[in-house]
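Q: Sequences are here, hints too, so could you generate the full structure?
Protein chains in written order, with the numbering used here: chain A, 133 to 242; chain B, -4 to 115.
Hints listed in this document are in silico derivations from the structure and should not be mistaken for laboratory results.
From the three backbone atoms N, C-alpha and C, an ideal C-beta is built for every residue, glycine too.
Take these hints with a grain of salt, some might be off.
Taking lysine to aspartate or glutamate and the DMTMM-like style, the derived pairs with C-alpha atoms no more than 25 Å apart in a straight line are [as the list claims (entries may be wrong)]:
(1) A/LYS229 - B/ASP51
(2) A/LYS229 - A/ASP137
(3) A/LYS208 - A/GLU187
(4) B/LYS63 - B/ASP51
(5) A/LYS229 - B/ASP52
(6) B/LYS19 - A/GLU173
(7) B/LYS19 - B/GLU57
(8) A/LYS229 - B/ASP58
(9) A/LYS189 - A/GLU209
(10) B/LYS73 - A/ASP184
(11) A/LYS200 - A/ASP184
(12) A/LYS208 - A/GLU173
(13) B/LYS19 - B/ASP58
(14) A/LYS208 - B/GLU78
(15) B/LYS63 - B/GLU78
(16) A/LYS208 - A/ASP137
(17) A/LYS213 - A/GLU141
(18) A/LYS229 - B/GLU9
(19) B/LYS73 - B/ASP51
(20) A/LYS229 - A/GLU209
(21) A/LYS189 - A/GLU141
With the C-beta cut set under 7 Å, the calculated list includes, among others, these residues of chain A facing chain B [stated by the list, open to error]:
(22) ALA171
(23) PRO175
(24) PHE177
(25) LYS229
(26) PHE232
(27) THR234
(28) GLY235
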Amino acid sequence: GQNIDQPTEMTATEGAIVQINCTYQTSGFNGLFWYQQHAGEAPTFLSYNVLDGLEEKGRFSSFLSRSKGYSYLLLKELQMKDSASYLCAVRGTGFQKLVFGTGTRLLVSP
Amino acid sequence: DAGVIQSPRHEVTEMGQEVTLRCKPISGHNSLFWYRQTMMRGLELLIYFNNNVPIDDSGMPEDRFSAKMPNASFSTLKIQPSEPRDSAVYFCASSLMLPRQAASGANVLTFGAGSRLTVL
Chain A
133 GQNIDQPTEM
143 TATEGAIVQI
153 NCTYQTSGFN
163 GLFWYQQHAG
173 EAPTFLSYNV
183 LDGLEEKGRF
193 SSFLSRSKGY
203 SYLLLKELQM
213 KDSASYLCAV
223 RGTGFQKLVF
233 GTGTRLLVSP
Chain B
-4 DAGVIQSPRH
6 EVTEMGQEVT
16 LRCKPISGHN
26 SLFWYRQTMM
36 RGLELLIYFN
46 NNVPIDDSGM
56 PEDRFSAKMP
66 NASFSTLKIQ
76 PSEPRDSAVY
86 FCASSLMLPR
96 QAASGANVLT
106 FGAGSRLTVL
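A: See the structure below:
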């Protein structure tokens, strides 16, 4: 089976940096994804990691350690529009089957 | 491209009624996924198709749920009879899986706007 854990909620201040952690246990591993979901909207793709290390994309970075079953999403220079849920998802042995965590709701305050 | 199109956006129905949700994937995509999202359980994969063929339906909760994909541009998810615990947002997503990506590669899912179902 697959188990993905994320904190339920986090708060941060505009301009700050926040790190959202994700731990997983899966049968097989074929990549980890981060999606952003604003309230009432569809999830949208943010980042993908399949090898260990850091992937940087503008203000957002994602890190993966396969041996530890651990990933984090780093958001820099936070903006109010970054208030959303952030979903960690893992592709296990089924190459197309993407299993999502329950998401971390991030609230950015002024 | 118009993206993944779902209908209806909202549906309110009474327990016991049949519900049909519809999805048009992005043109050229060969994989289609149905997810259900609730506060308690998050996003759960119900079923997915590759080249119109159901590959994994292990997430379909009960026999009351069925899904079809008669062609590359259309899929339905049907609930009959519906129950209050089926209330959720149902998302359809599509992607393009190329053969060389089978073992790796960012097979990115594009989601539709979702269908919010309320069963009274």
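Q: Each hint: holds or not?
A: To see whether the hints hold, each was checked on the structure:
no., hint, result
1, A/LYS229 - B/ASP51, "holds, 8 Å"
2, A/LYS229 - A/ASP137, "holds, 18 Å"
3, A/LYS208 - A/GLU187, "holds, 14 Å"
4, B/LYS63 - B/ASP51, "holds, 13 Å"
5, A/LYS229 - B/ASP52, "holds, 11 Å"
6, B/LYS19 - A/GLU173, "holds, 17 Å"
7, B/LYS19 - B/GLU57, "holds, 24 Å"
8, A/LYS229 - B/ASP58, "holds, 21 Å"
9, A/LYS189 - A/GLU209, "holds, 13 Å"
10, B/LYS73 - A/ASP184, "violated, 41 Å"
11, A/LYS200 - A/ASP184, "holds, 10 Å"
12, A/LYS208 - A/GLU173, "holds, 23 Å"
13, B/LYS19 - B/ASP58, "holds, 24 Å"
14, A/LYS208 - B/GLU78, "violated, 44 Å"
15, B/LYS63 - B/GLU78, "holds, 20 Å"
16, A/LYS208 - A/ASP137, "holds, 22 Å"
17, A/LYS213 - A/GLU141, "holds, 16 Å"
18, A/LYS229 - B/GLU9, "violated, 32 Å"
19, B/LYS73 - B/ASP51, "holds, 17 Å"
20, A/LYS229 - A/GLU209, "violated, 33 Å"
21, A/LYS189 - A/GLU141, "holds, 23 Å"
22, ALA171, "violated, 11 Å"
23, PRO175, "holds, 5 Å"
24, PHE177, "holds, 5 Å"
25, LYS229, "holds, 6 Å"
26, PHE232, "holds, 4 Å"
27, THR234, "holds, 4 Å"
28, GLY235, "holds, 6 Å"
Of the numbered hints stated above, those contradicted by the structure are hints 10, 14, 18, 20 and 22, listed in ascending order.
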